[in-house]
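**Student:** Chains as they are written, first to last, in our numbering: chain A, 1 to 500; chain B, 1001 to 1500.
Hints in this document: simulated from the structure, not taken from any laboratory.
Dumping the calculated DMTMM-like pairs for lysine to aspartate or glutamate here, alpha-carbon to alpha-carbon at most 25 angstroms:
1) B:K1338 - B:D1385
2) B:K1432 - B:E1455
3) B:K1135 - A:D82
4) B:K1432 - A:E129
5) B:K1338 - B:E1349
6) B:K1060 - A:E411
7) B:K1257 - A:E388
8) B:K1244 - A:E258
9) A:K317 - A:D385
10) A:K53 - B:E1411
11) B:K1378 - B:E1433
12) A:K432 - A:E277
13) A:K247 - A:E388
14) A:K280 - B:D1497
15) A:K432 - B:D1497
16) B:K1257 - A:D385
17) A:K244 - A:E223
18) A:K60 - B:E1411
Listing some non-contacts, in silico: residues in chain B with all C-beta distances to chain A over 10 angstroms:
19) A1075
20) D1083
21) K1135
22) K1202
23) L1205
24) P1334
What follows is a set of in silico ranges between Cβ atoms, one per label pair, in the way DEER data are often shown:
25) B:R1012 - A:T62: 52 to 60 angstroms
26) B:K1244 - A:R65: 41 to 49 angstroms
27) B:R1429 - A:S221: 43 to 51 angstroms
Idealized CB from N, CA, C, for every residue including glycine.
There are 2 protein chains.
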Amino acid sequence: MEIVSSQIIGYRNAQSNGATFHALNPLTGMLLPTAFQEATPTEIVETIVLAHKSFPAYRKTTAVRRSLFLEAIAANLEALGDDLLQVIHEETALPIARLAGERSRTTSQLRLFARLLLDGNWNKKIVDEALPDRKPVARPEIIQLQTPIGVVAIFGASNFPLAFSVAGGDTASALAAGCPVVFKAHPAHPATCQLVGRSIAKAALDTGMPDGVFSMLHGFSHELGGMLVTNPLIKAVAFTGSYKGGKALYDLAVRRKEPIPVYAEMGSVNPVFFLPEAVKQGGEALAKQFAQSVTLGSGQFCTNPGLSVFLNNRESKLFIQKLADAMSATEVHPLLTKGIAEAYETGIEREMTLPGATAVTKKTETRIQPFILSTSAKQVLQHSDYFEEVFGPSTLAVLADDYNEMYQLAERMPGQLTGTIHAAENDYREAKELMDRLTQKVGRLVMNGFPTGVEVCHAMVHGGPFPATTDSRVTSVGTTSIYRFTRPVCYQNIPSDFFN
Amino acid sequence: MEIVSSQIIGYRNAQSNGATFHALNPLTGMLLPTAFQEATPTEIVETIVLAHKSFPAYRKTTAVRRSLFLEAIAANLEALGDDLLQVIHEETALPIARLAGERSRTTSQLRLFARLLLDGNWNKKIVDEALPDRKPVARPEIIQLQTPIGVVAIFGASNFPLAFSVAGGDTASALAAGCPVVFKAHPAHPATCQLVGRSIAKAALDTGMPDGVFSMLHGFSHELGGMLVTNPLIKAVAFTGSYKGGKALYDLAVRRKEPIPVYAEMGSVNPVFFLPEAVKQGGEALAKQFAQSVTLGSGQFCTNPGLSVFLNNRESKLFIQKLADAMSATEVHPLLTKGIAEAYETGIEREMTLPGATAVTKKTETRIQPFILSTSAKQVLQHSDYFEEVFGPSTLAVLADDYNEMYQLAERMPGQLTGTIHAAENDYREAKELMDRLTQKVGRLVMNGFPTGVEVCHAMVHGGPFPATTDSRVTSVGTTSIYRFTRPVCYQNIPSDFFN
Chain A
1 MEIVSSQIIG
11 YRNAQSNGAT
21 FHALNPLTGM
31 LLPTAFQEAT
41 PTEIVETIVL
51 AHKSFPAYRK
61 TTAVRRSLFL
71 EAIAANLEAL
81 GDDLLQVIHE
91 ETALPIARLA
101 GERSRTTSQL
111 RLFARLLLDG
121 NWNKKIVDEA
131 LPDRKPVARP
141 EIIQLQTPIG
151 VVAIFGASNF
161 PLAFSVAGGD
171 TASALAAGCP
181 VVFKAHPAHP
191 ATCQLVGRSI
201 AKAALDTGMP
211 DGVFSMLHGF
221 SHELGGMLVT
231 NPLIKAVAFT
241 GSYKGGKALY
251 DLAVRRKEPI
261 PVYAEMGSVN
271 PVFFLPEAVK
281 QGGEALAKQF
291 AQSVTLGSGQ
301 FCTNPGLSVF
311 LNNRESKLFI
321 QKLADAMSAT
331 EVHPLLTKGI
341 AEAYETGIER
351 EMTLPGATAV
361 TKKTETRIQP
371 FILSTSAKQV
381 LQHSDYFEEV
391 FGPSTLAVLA
401 DDYNEMYQLA
411 ERMPGQLTGT
421 IHAAENDYRE
431 AKELMDRLTQ
441 KVGRLVMNGF
451 PTGVEVCHAM
461 VHGGPFPATT
471 DSRVTSVGTT
481 SIYRFTRPVC
491 YQNIPSDFFN
Chain B
1001 MEIVSSQIIG
1011 YRNAQSNGAT
1021 FHALNPLTGM
1031 LLPTAFQEAT
1041 PTEIVETIVL
1051 AHKSFPAYRK
1061 TTAVRRSLFL
1071 EAIAANLEAL
1081 GDDLLQVIHE
1091 ETALPIARLA
1101 GERSRTTSQL
1111 RLFARLLLDG
1121 NWNKKIVDEA
1131 LPDRKPVARP
1141 EIIQLQTPIG
1151 VVAIFGASNF
1161 PLAFSVAGGD
1171 TASALAAGCP
1181 VVFKAHPAHP
1191 ATCQLVGRSI
1201 AKAALDTGMP
1211 DGVFSMLHGF
1221 SHELGGMLVT
1231 NPLIKAVAFT
1241 GSYKGGKALY
1251 DLAVRRKEPI
1261 PVYAEMGSVN
1271 PVFFLPEAVK
1281 QGGEALAKQF
1291 AQSVTLGSGQ
1301 FCTNPGLSVF
1311 LNNRESKLFI
1321 QKLADAMSAT
1331 EVHPLLTKGI
1341 AEAYETGIER
1351 EMTLPGATAV
1361 TKKTETRIQP
1371 FILSTSAKQV
1381 LQHSDYFEEV
1391 FGPSTLAVLA
1401 DDYNEMYQLA
1411 ERMPGQLTGT
1421 IHAAENDYRE
1431 AKELMDRLTQ
1441 KVGRLVMNGF
1451 PTGVEVCHAM
1461 VHGGPFPATT
1471 DSRVTSVGTT
1481 SIYRFTRPVC
1491 YQNIPSDFFN
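Hey, can you work out the whole structure from these sequences and the hints?
**Tutor:** The following block contains the structure:
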């Protein structure tokens, strides 16, 4: 499939003269053929100004028209056929079957927001009717509605080149809300971004959206991101990726003359607590399921369970050994980028130097492999470095001497996207204690399941307290994610025909 | 009424040895007799730790029990009788009748939140039911609920010693949400704070709330505020006051290791657009109503209309003259504090030095007086200093040469709490254009009314884009203000008896 690289500035494909870069094929380690250019400062400003100019027309489009726009994006993605999957596979090494699933998740997500717009309740209308006879003063009618906040800058993730990238949940929810989007293409999959970005621009044109409602800029340096976040016409930022990246954008945004919200989803260790009866009853089958969750997608999920907690007894130790056996037997596909692979190796090495860390699986020389370390709860409580995420197919098995140590772990851990409890009925008393504590630390609480696999639905919360995200009050997945890009306005004593 | 000054540390009245201060009687300029002590660093930490310790028990109280707590606070306030009003009057010079109204607003507000808790929908439950037969994978049940975020530090305002102070909307909504409150007493009305704070502590004790759910610390220095906001156990901040004060707290909060949300409501100029037919039809009666709005409470409201815009014609000029006559004839009561009075004088003087500013009312020598300046839209568009708030009974009348200049004013002004349009039917076309632009800049849009008078109801938005507030996504008045102190958590596959 031929890729014509360009900046996508509204309806215009700009042939840029910025610095050139190539993506890498993670399977071969070789550069891919298409050359991409980083957007220049002039192009960045031009893009943001165009997006801003499109806002008055875009915010006035009806929900039905925006719904058609989202439907058209989904249809255009599907029309790219399996050639798209091949392009993504070359850039990410993710298996074709997984990518097909991710495509279906992405188009379903677009259509879910399209349906949300049609249902009419999405803007959370609240009405206090007029009380003309109230004493001492009459009350006018007051109506609260959500209004879009303006141009949104979005930074996608490397690990979901469709579902958390150009046409992913952030873009879908911002466009649904009525906000123009400037997307920063991910330099690890620029060809993917190019194809998907063109699909969105075409959908905008075909459904009569104003020029500038969607743009996409290529780049590999931090300057591009900084220029987007600090431009006064940008009114919010969405980001999925590392703590370092997300926190840097947050720091820029809150230091602006006009601070803006940053919705950075930065990952976490997603603790899984295995209570003793559940371990006993689950046995090898449960250990195998857990091994699958840890190694799924080579462990490259924000919700990957990087920390598991057990009561220190014979069954738990046996369980961890079964887990190690299952993980060692698992073939994982190569990691997404050289950077991620290196960080995984150094992350494991760093963890192994922590006091009390023991390798459960044997570390082989070079190939990326699933890995388990174990340590005691006492060590983790003393060394908070144990809570640092190692992005990849590993987990740290923590042995607690009693329930109190488990509770302390839950209380002392930093904010997490998810927390999971495995409990049989005999464990329920302790599970409830854990649940109360974990609720304070997570965006999603899972019981007798695994955190990997984030359902796109109405009730989903993919978020959580800092440092899992920079804003615990929102979710980046599910329909309520739209409210990241709206704010309430109330209308007092306004004639009803003003709303048409 | 005898006032016994103390820090209120949960159920304990702490006799502090911090620096002593007295409040001033604004009518006499004399110090009031009661000596208050600033909380010491030790007391501040002790208070926050106690609040944090109360959180696990408080967050588990049922909504019904929190509802009883709020009702008890309202009853205790009423039980203080008119002695309370006398104490407030001495500290603020606000008329007794106005204070009686504010007390009724405050108790109604507490009872509104009490009713909200009883109605059961307040926690915005969202359910995605289990789909056990879904292919390729089953969907577990997922339920989204709001959870309280932790200890909240609250800073009250000087201009509403009841409704935006110790037992005001911030405290009521935080306590309703399930969050312990540490209140920073306002040094301009410490005796008022003392009486109200004791009423809350007594209500907590009487309704069996955990010790530490409410505390109140006195202080006049910035250090106390800084220590509250930067303490890691504080999870959110609410503030009503000046831009300088609110922005300083925001800057501290976003630079913490764990950043936290700051809900600072910092006031604005609340533009009122008078369209020509409305001016013609409204005439002197409308001018008098507007004069009342500008001078209400001596202009000491966040929603005071500090900027009014007219089409430059004969009727507008006549209207402004009638407005000036009405304002000059208005007796205003003394301003709340010496600082506010001085800032009002220097604010007027600063505005008069701006290019093109003309005084419409005559400035007399010393007494605080209602004041109007006028200028052209062209000058305002060139000199953004015109958008700066002058807190007090004044307004700037801006003459626009055409509608386009009016629209530009709406587009270029900074974020506002409110925007108001006066329009007769013949003005509707232009009113719609203005409304579209103002919606982008305000939290509340008013038609053919005045921004002063903030209804406490479900639909109210008392908020708006920066610099009116530090977080445009929320309101500080009305029932939805509770969501400043909660965040969503989703529960995946959790047995229903875990929620009891």
